[in-house]
Amino acid sequence: DAGVTQSPTHLIKTRGQHVTLRCSPISGHKSVSWYQQVLGQGPQFIFQYYEKEERGRGNFPDRFSARQFPNYSSELNVNALLLGDSALYLCASSLGGLSGNTIYFGEGSWLTVV
Amino acid sequence: DQQVKQNSPSLSVQEGRISILNCDYTNSMFDYFLWYKKYPAEGPTFLISISSIKDKNEDGRFTVFLNKSAKHLSLHIVPSQPGDSAVYFCAASAKDSNYQLIWGAGTKLIIKP
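Here the protein sequences come in this chain order: A and B. The working numbering puts the first residue of the first sequence at 53, with every later residue one more than the last. The working numbering puts the first residue of the second sequence at 313, with every later residue one more than the last.
In case anyone wonders, no lab produced these hints; they're calculated from the structure. A hint or two may mislead.
[What the hints assert, rightly or not] 30 Å max Cα-Cα, derived DSS-like pairs, lysine-lysine:
| hint | chain 1 | residue 1 | chain 2 | residue 2 |
| --- | --- | --- | --- | --- |
| 1 | B | K368 | B | K420 |
| 2 | B | K424 | B | K317 |
| 3 | B | K380 | B | K420 |
| 4 | B | K368 | B | K380 |
| 5 | B | K407 | B | K383 |
| 6 | B | K424 | A | K82 |
| 7 | A | K104 | B | K420 |
| 8 | B | K407 | B | K380 |
| 9 | B | K368 | B | K407 |
| 10 | B | K407 | A | K104 |
| 11 | B | K366 | B | K420 |
| 12 | B | K368 | A | K82 |
Here chain A stands alone, though its shape is the one from the complex (with noise of 0.2 Å):
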């Protein structure tokens, strides 16, 4: 079974650009999260959707959005770009629902910005 997927892996990005990233979650699973990782941190929360419907957003500003597809599959689209977008994006998927889930994570996307 293929776990969690995303793409691209890796790309670069020049300040001020826009950039799609995209998700595929573990089959079955209904909700799909993402997080921003820097160096020397934990990943930190940016969006959760559940059932196409955004269930939580971190604290990042309005040029950072996501959507969830009907096949559960998820894009995090940010604008304007930074250099301190620069990051590892991960893509989390679990089964949603209302109880507490164990989230499985995928590779990662690394943006760099110059």
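Mind docking chain B on chain A? Use the hints.
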């Protein structure tokens, strides 16, 4: 305001001995706790979890202990193996925040041969 704290940035342990990784939290509403392991350039890998209704959960070489009164959890790895060298993150979640995970900063575990 760090709700989940891992106060040891790194830990060095002899191969074959016990590794103990610690995590403290402040939010008494947390009711589900997880440990993840992360190698460089990879996404975190789930290791073990514990619900607040338990005080211990064991899976092979990994055991997680939860002390709710002290708001403290720990991960024990016995015996430690070279492949255990990685960064370990603890994370916590609460029903009233839709189980969004709040993460510690991680502890780098180094297993010495």
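*For the pair supplied as a hint, K104 of chain A and K420 of chain B, confirm whether the alpha-carbon distance does not exceed 30 Å.*
Status violated; Cα separation ~36 Å.
*Within 30 Å, alpha carbon to alpha carbon, are K368 of chain B and K407 of chain B?*
20 Å, holds
_Hint consistency between K380 of chain B and K420 of chain B [alpha-carbon to alpha-carbon, up to 30 Å]_ = 25 Å, holds
*Between K424 of chain B and K317 of chain B, is the straight-line Cα distance small enough, at 30 Å or below?*
Between K424 of chain B and K317 of chain B the Cα gap is close to 25 Å, so the pair holds against 30 Å.
*asked:* Check the hint pairing K366 of chain B with K420 of chain B against an upper bound of 30 Å on the C-alpha distance.
replied: 27 Å, holds
*Decide if the proposed pair is consistent with the structure: K407 of chain B and K380 of chain B, CA atoms, cutoff 30 Å inclusive.*
16 Å, holds
*Verify the proposed pairing of K407 of chain B with K104 of chain A, using a straight-line Cα cut of 30 Å.*
Holds, at about 20 Å.
*K368 of chain B and K420 of chain B: Cα distance at most 30 Å?*
23 Å, holds
*Do the alpha carbons of K368 of chain B and K380 of chain B lie within 30 Å of each other, as the hint requires?*
11 Å, holds
*Does the alpha-carbon distance linking K424 of chain B and K82 of chain A stay inside the 30 Å limit?*
41 Å, violated
*asked:* Given the hinted pair K407 of chain B and K383 of chain B, is their Cα-Cα distance within 30 Å?
replied: 17 Å, holds
*Starting from K368 of chain B, check that the Cα of K82 of chain A is at most 30 Å away, please.*
29 Å, holds
Checked against the numbered hints given earlier, this structure breaks hints 6 and 7; the rest are met.
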